[in-house]
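Protein chains: 2
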Amino acid sequence: MTSVPKVLILGAGFAGLGAARKLAKAPVDVVLVDRHDYHTFQPLLYQVATDILDPETVGHPVREYVDNQPNLRFVTAKVSGIDIAARNVTFEDWEDQTYDYLVVGLGARANFFGTPGADEHAFPLYTLNHAIRLKNHVLEQFEAAVKAPPPEAPEMMDVVIVGGGPTGVETAGAMADLLYVTMARDAPRYPIGNASITLVEHGDRLLRMFNESMSEYTKEALEERGVTVRLGESVAQIDQGSVTLGSGEVINAPTTVWGAGLTTSPLAASLSDDLQHGRVPVGPLLNLAEHPEVYVAGDLAWAKDARSGEVLPQLGSVALQAGEHIGRTIDRTLRKHKDPEPFHYIDKGSMATIGRGAAVGVIPPGLHLTGRPAFLTWGAVHLALLNGADSKTAALTNWFWTWMRHDRPSRVLIHPDEED
Amino acid sequence: MTSVPKVLILGAGFAGLGAARKLAKAPVDVVLVDRHDYHTFQPLLYQVATDILDPETVGHPVREYVDNQPNLRFVTAKVSGIDIAARNVTFEDWEDQTYDYLVVGLGARANFFGTPGADEHAFPLYTLNHAIRLKNHVLEQFEAAVKAPPPEAPEMMDVVIVGGGPTGVETAGAMADLLYVTMARDAPRYPIGNASITLVEHGDRLLRMFNESMSEYTKEALEERGVTVRLGESVAQIDQGSVTLGSGEVINAPTTVWGAGLTTSPLAASLSDDLQHGRVPVGPLLNLAEHPEVYVAGDLAWAKDARSGEVLPQLGSVALQAGEHIGRTIDRTLRKHKDPEPFHYIDKGSMATIGRGAAVGVIPPGLHLTGRPAFLTWGAVHLALLNGADSKTAALTNWFWTWMRHDRPSRVLIHPDEED
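Protein chains in written order, with our numbering: chain A, 1 to 420; chain B, 1001 to 1420.
Any given hint could be a false lead.
Cut-off 35 Å, straight-line C-alpha distance, at most; resulting in silico cross-link-like pairs (DSBU-like, lysine-lysine) [said to hold, decoys possible]:
{"hint": "1", "chain 1": "A", "residue 1": "Lys392", "chain 2": "B", "residue 2": "Lys1006"}
{"hint": "2", "chain 1": "B", "residue 1": "Lys1147", "chain 2": "A", "residue 2": "Lys78"}
{"hint": "3", "chain 1": "A", "residue 1": "Lys25", "chain 2": "A", "residue 2": "Lys6"}
{"hint": "4", "chain 1": "B", "residue 1": "Lys1025", "chain 2": "A", "residue 2": "Lys147"}
{"hint": "5", "chain 1": "A", "residue 1": "Lys392", "chain 2": "B", "residue 2": "Lys1338"}
{"hint": "6", "chain 1": "B", "residue 1": "Lys1022", "chain 2": "A", "residue 2": "Lys25"}
{"hint": "7", "chain 1": "B", "residue 1": "Lys1147", "chain 2": "A", "residue 2": "Lys6"}
{"hint": "8", "chain 1": "B", "residue 1": "Lys1025", "chain 2": "A", "residue 2": "Lys22"}
{"hint": "9", "chain 1": "B", "residue 1": "Lys1022", "chain 2": "A", "residue 2": "Lys147"}
{"hint": "10", "chain 1": "A", "residue 1": "Lys147", "chain 2": "B", "residue 2": "Lys1392"}
{"hint": "11", "chain 1": "A", "residue 1": "Lys22", "chain 2": "B", "residue 2": "Lys1006"}
{"hint": "12", "chain 1": "B", "residue 1": "Lys1147", "chain 2": "A", "residue 2": "Lys147"}
{"hint": "13", "chain 1": "A", "residue 1": "Lys336", "chain 2": "B", "residue 2": "Lys1025"}
{"hint": "14", "chain 1": "B", "residue 1": "Lys1006", "chain 2": "B", "residue 2": "Lys1022"}
It is worth saying that the hints were derived from the structure and are not from the lab.
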């Protein structure tokens, strides 16, 4: 067949796709594998969960990103094992694959930190299916509330969101708009305006990556929108219909969203005996010390920045840059015959949106934005980052409907596997 | 509570929604019930099945159509029984409802005419869930084909479509574009261009509502696109992976689409002892002779036109006009105190699209269109009919991506209830 080296990339997230695309000109055969046929734009998952965007806008065909790369083959399959000694990867639903280079970008999963009931009753928000399941649950609660005798209705729409990071804050703000504006108009006879949305954060402020005044702005903006913010509170237990705080207080919550932490796949253990918080330690080139042909990037990796020496956070922007760096490293070595360079992450800023006209953001070296300027910047940046002109168009039009008109074309309950 | 008459509308399809909207000013309480929270724009279901439009573009929130009607309440529930003697309707998942006026627009379902294996192995195309299931099946076949050793691939993508009416013709044309253009580009190493698409029609021509030269044009346009058209052939049996024709010939078909006929719900029997092909006979006012407070419209009804005396076909345009007529009749009687008028259907034309630049259509009294003029007219008409400015925008942009760029942003496999 062919005698060029084979690069096997596991995962078509930001890391895997970044690596794949930088190998377009490299003298290699690339095999890109993901369990889904779509790439998930994770920063906008909360908008799927709150009916702002269709699932098809946030989950985009992987093949559209790579269909101009003749050296690449994309296959959907689920990894079952990685044997780095034998250079072999096994799949639940595909033949074994050997490799010359392996790039592992398999991401993370929700970490419930052993909280009783969380795994059964809370909705995590890390994958597209998570987002659709949360959306469907909220819409089902709404349909049941509208059918029930009025006094019960508001309790059925109560929501608790655990975690005051970007996922929790963005979900809380979007949920307030969904419940208090769109659904309140949809069902004027029911007191959905009385439903409570509670954001619970263990620490003493929201969005700890930002400064204190931005945290304070975020809290006030959420409260203005009707969200109750509970700082310094832990979650002791989650049951069907309620959340018990560390203080013993019980909050009614037919819907509990979990945005409080990440852990990694059991496959991580096959890459390292020395996992750090479940993540795989890699060197400055983002590969394993004993197996330099194995690269790890994204939420699965425990990587340090080449300049600052700090451990890099689990962010989409880090994953994308790390993946691209790996692709460039392999390309440099094989095509340009140059030495690889250590990975340095360029922080282009971070942002979170709270609702129409309200957001916070930091653009290095020191621009701090809140309110409408942050909101508009957020929109422009995410539109630029969203891959595919079709997804950009869809997002822009849906944002228009949601924020200008408060129509949400996506608020429909679709269960394709049910009868009719 | 209130003492105005209660109008109970079962089904939020074209008939039910048409009736509901014409009651906006009537002195009545309207309760509109559907098993889903969305209205399905059925003429575009084949575009969901072939990844041109997102499910959320074709299934639109019912509440957006009726949220300016203070006299209307919309509830999602599934009808389990209708007792017209007791004026009572029961639901699987809601309390019983009595009524002063009942409007039944519960639609139809696929009729397999007792063909062995059809119910288990063929994909009907009457509901949004049908369309999503067919789409998912084709995408799953594609993913499996891409993983399999090349020689097997084209057979895995073979498609048989039963029925040469609009559903069959439009699906065949769109399937050809999906397989031979989009998927062929997605997977250049696999011979998907050799996959066969076969359209089987029992009669001697396609689209029998049009004249013979339009049928001939349709056949040629499909054949140009790679579809094999088999006229005068019946289907004797459908198995997993194959279709047996009446002649005994067996066609390989991992995917069989059933677009060959309709029957109605078992609930029809509770409305009449004298069903006509499963449909409920109604008088000139579209109500039951013995129970004039019970109206039936849409695919469920067996109605005759007041002027021509002909039985009206099962078409979305008939359902919409009949539903609106019922709403107007009740409004006329109660608010305007005028006598009701018999129903006359105004034929505004019919159309079918075959692919980019190819369609057929008739606009009364006698304008026959084929080719690009028909295609452009088809687009303009469906855009105008598609309810909701957001759905219009989404459809227009998706048609642009599909027909101009051959990108299909919707071609992703989403199974929200699967793990992650």
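Quick check: which numbered hints come out false for this structure?
Per hint list: 1, 5, 6, 8, 11, 12, 13 violated.
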